Amino acid sequence: MMGSQLLTWVIFLPLIGVGALLLIPKDKHALIRKAAFLFALATFVISLGLLLDFDTATSGMQFEVNIPWISEFGVNYHQGIDGISLLLILLTTFLTAIAILSAFSAVDRSVRGFFASLLLLETGMIGVFASLDLFLFYVFWEVMLVPMYFLIGVWGGERRVYAAIKFVLFTMVGSLLMLVAILVLYFHFHDQTGRYTFDLMQIMALPLPRTLQLWLFGAFGLAFAIKVPMWPFHTWLPDAHVEAPTAGSVILAGVLLKMGVYGFLRFCLPLFPVATFEFMPLISILAVIGVIYGALVAMVQKDIKSLVAFSSVSHMGFVMLGMMTLNQQGLSGSILQMVNHGVSTGALFILVGMIYERRHTRLIADFGGLAKPLPVYAAFFMIVMLSSIGVPGTNGFVGEFLILLGSWSYNQVYAILAATGVIFAACYMLWMYQRVFFGKITNPANEKLVDLNLREKIVLVPLVIMIFWIGFYPKPFLKLMEPAVKTLIGQVEQGRKASAIVPLVESTPIPANTTGLAGGE
Amino acid sequence: MLDKAFIIPFLPLAAFIAIVFFTNRREKLSAGLAIGAVAVAWVMSIVCLIEMLGYHGEGAFQLEQAFDIVTFQNFRLELGVLLDPLTALMLIVVTTVSLMVHIYSLGYMHGDIRFSRFFAYLALFTFAMLGLVLANNFFLIFIFWELVGLTSYLLIGFWYEKKSAADAGKKAFITTKIGDLGFTVGILMMGMFLGTFNYIEVFDKIAAGQLSGGVLTTMAILIFCGAVGKSAQVPLHVWLPDAMEGPTPVSALIHAATMVAAGVFLVARSMTIFMASPDGAMVVAVIGMVTSIFAASIALVQNDIKRILAYSTLSQLGYMIMALGLGGYTAGMFHLMTHAFFKALLFLGAGSVIHAVHTNDIQEMGGLSRKMKITTVTFIIASLSISGIFPLSGFWSKDEIIATASHQPIFLIVSLLVAFMTAFYMFRLCFLTFSGTPRNQHAYDHAHESPRSMTWPLMFLAVLSVVAGWVGIPWLSHGFSSFVYHGEPHHVKPEIILMVASTVVALLGIGLAYLMYYRGAISPQAMGARFKPLYTLLYHKYYVDEFYDAVIIKPVFAATRFLWKFDAKVIDGFVNLNASSTLRLADIKNWFDIHIVDGIVNGLGLITGAASSALRLIQTGRLAHYLLAVLFGLIMMGLLSSSNLLNWILWQIGLQ
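Heads up: the protein sequence lines correspond to chains A and B, in order.
Residue 1 is where the first sequence starts when you use my numbering, and the numbers rise one by one after that.
Residue 1001 is where the second sequence starts when you use my numbering, and the numbers rise one by one after that.
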């Protein structure tokens, strides 16, 4: 039953979970919670099956499923994963299970809808990471939007409607441009070859003229840059995070932001290699600005959650910088740092959610001296904070160091500027930690706080294990992505060379003999 | 044993893990675990040293054990140990002081509510410090480098209820991080230009002349930045005096004997790089010299017992750094060793005093020698040692440094001046604390000698403060310098004139302190009044903290506030403006539709109306409907237009 169907199961099991939840009477909250968690856990467990069957020796797509879907338009249901997608899928299934468990006591309003949204979101996210057909990719991309919109708009904080609409509009602006770009690619492919297809592998094999590449990179890139989010398209993020419920923030920071970077890696880079090199300086500069800007703005935040949100802007700048180095260290670091950011920032949001449940405030000024009543909580927070700062021994260090290593050989100035971001990160995090946990308790409301219960510890322990595992022994993770990273670098390099021989005038049709020039499977 | 040396750091790590997870509630057991682990590590280090001393091969002993963590096409990151005399020496220094501090803490931290945690942190620090000295490459040393910084942060802020302690921890972490930025960049340069982080490979390549002048000098200085931060050299020295907010055993272990010496160790380890770059070495020497006199002059007028010792540490570290910069590898490391023992003793003695009188202010003390005999005697032994009095250990190591500096007049003058100041401030401290009449009768009445767990380490370290230097006596077959050396063994010739000169300046310093603070022949107040501007400048530590506050901290905060406003008003303002103008546009269109278009051209109006109401739908928050429509539309389209998929799904589930 398993084998190539395994991937399909991973993608659609959460959707089956949505169906199952809808069968449960909506006032049976406890049952709904347990069922949702079981489905998420089952999805995670079978996604581990992908890991077991994954062959790290080959560089091609694995677990491929390719069947015609809407054959009239050349749309295929084409799914498949390489090491990069596998890591992100594992991150998704891991974080969703944890997010669902963390939300057991936080949500008491329309419980069924809440958990159904999370599971639907999971299907969308995994689908995005596995899609090898542009149309299919777009479908999953849009599917994600719906549950996220509801999560923020229905179960959010005071300004939830504003935040939800802002989130959706920002994303829609990007994705509409992307849709146009996908269609342009589609028709261009037809012009050149006489066939209609949305298949990524086939389109990738067709070198594109430079101007077209630039336009299409711009359109795709904007959609992805908004999602990352890169400076200056980041302002939806703090609002969305502050208003979203904890589980929503965890998924948003942990997985949704990675969609942007993943989009660059999977589509922009291999499809538009020439444009990639031309956009490199711009994106790197925006990334470095994001690193420093995000860190500086994080320093003045009064709300812990918006502090973490701005720290995400800073960290994602790091990820983008690493990606744009286009060398093995930088790219590996960038992909690893995506996982790290998912784990660490996810954990930070969960921790903030835990204190919010107890005190119904997230303002730093309302706390102080919490280390005394909440020693276990303080210890967890310390570990996660250190991982976010990138202290050696934690996951953050490995990713940051690889990125710096990669960006140093790309551009020293960017590397140095980005490295100062590490200092600012230490400043805002340590200062926040000091104001929340150290000192004497000044607010009597904090005196009688109860430390973490068993469920909360169970939520946090796997995250902490990941933090130390990647921190001390990142080899398995790097090994998993190595073939994919090498292939990607090869595709970009080769694509650039191949494009050099394509005439720059777009209207000249080229005979359909261009297959085999780039790494099409 | 030497091939098992890599086990040494894991002993305290195991103790740390055991305390955190299992014995946190059982204080005695926790302390016992930590002490036991460090004791075993100490014994193992001694065995390693003895075995290495028994080595009589070609050149210096060297043993490397390593395996790769990650490999890329062009280079690899390794995990491994490098054992050579330098490492063996550091192992002894670190485990000895750590063991003494662990035992001492039994008494000092007695009754603290976080007693177990304290021992856990101490053990974690010992692990990181041992890892730091054993590492075989720059990547690994950087990891441990940051880890010792982290444990330092945790231990300075151990009493986090005190705001000053929490502030000091944060300041230490961030200030050293600034130095580490340079270190990071230096390591990155190394990776790029040499393609390796491994010590032996890097040094071989540099010795072979693979790097040219400018690049090499830049790299050397960047690596030195790390040492400047960690060893608290000017201009990053500001964190160390504040770090005295931590418990005193911590000050002794981390902020006097071991971690702050890591910078010196780093320079010694990278000696090949600095020797290949004369400019880099000169920067090192000058920074060391400036720090030594700068800090010594501040120590002259301070009143907080621990801060005097902290400035003294800065000054002595500057001494070592200066020696290394001048090529005195053996001299620098020799002084590092002797200093570790007598400075740890001074701090532990200060802790014993503070434990007795519950104040750090030496103006509140006096006459304590009558109540605390062991503390007084051991403290004075250490003071004599640091002042460089014959034949204590400080005499021999300090003399080697002065001999190294003697080739250049400016360095010689400064090093003698520092020797004078050191003797003066140490005995000012001794006389004010232990002799004369009590200036705070209440504190004096409650004073008592510390328990044996505290006095025994004092006595042990006092013995070392006397004898540790004897391994380097130039007339005794050059024991130290034929063991720890760089390149070829370099035996400093015993220069009687320099020895006499340094002893004379030390005695002058002690004599002046005696006249001022014991006999009262010269009034300190009158002196202070006479040199008022200088006194004020020194008392306020040259206003460096105030300067940084005005030039760095305040501007950064101003920048953060500005950027935050910019973010909310400009970037997000633009976004909101777009949204609201779109809304207004939709309203206008709506009005236009109803009142004008509808009335004039029916057909056209219908289309525009539909479009604008669709827009209105999006903009008024009923986006959900739209999104749902998108979702269901897509799903339905997919399902209906292709029966293949349906069949396929059914097949997958096993229905067909």
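These are computed hints drawn from the structure, not numbers from a lab.
Nothing here was measured: the structure is a model prediction, and the numbers come from that model.
Every residue, glycine too, gets a C-beta built ideally from N, C-alpha and C.
It is possible that part of the hints are untrue.
[What the hints assert, rightly or not] With beta-carbon atoms standing in for the labels, derived distance ranges: (1) B/I1017 - A/L48: 20 to 30 Å; (2) A/P375 - B/K1565: 57 to 67 Å; (3) A/P375 - B/S1453: 24 to 34 Å.
Each hint, compared with the structure:
Between B/I1017 and A/L48 the Cβ separation comes to about 27 Å, which falls inside the hinted range of 20 to 30 Å. As the Cβ distance of A/P375 to B/K1565 is approximately 38 Å, the hint placing it in 57 to 67 Å is violated. A hinted range of 24 to 34 Å holds for the C-beta pair A/P375 and B/S1453, which are about 27 Å apart.
Consistency note: the structure conflicts with earlier hint 2 alone.
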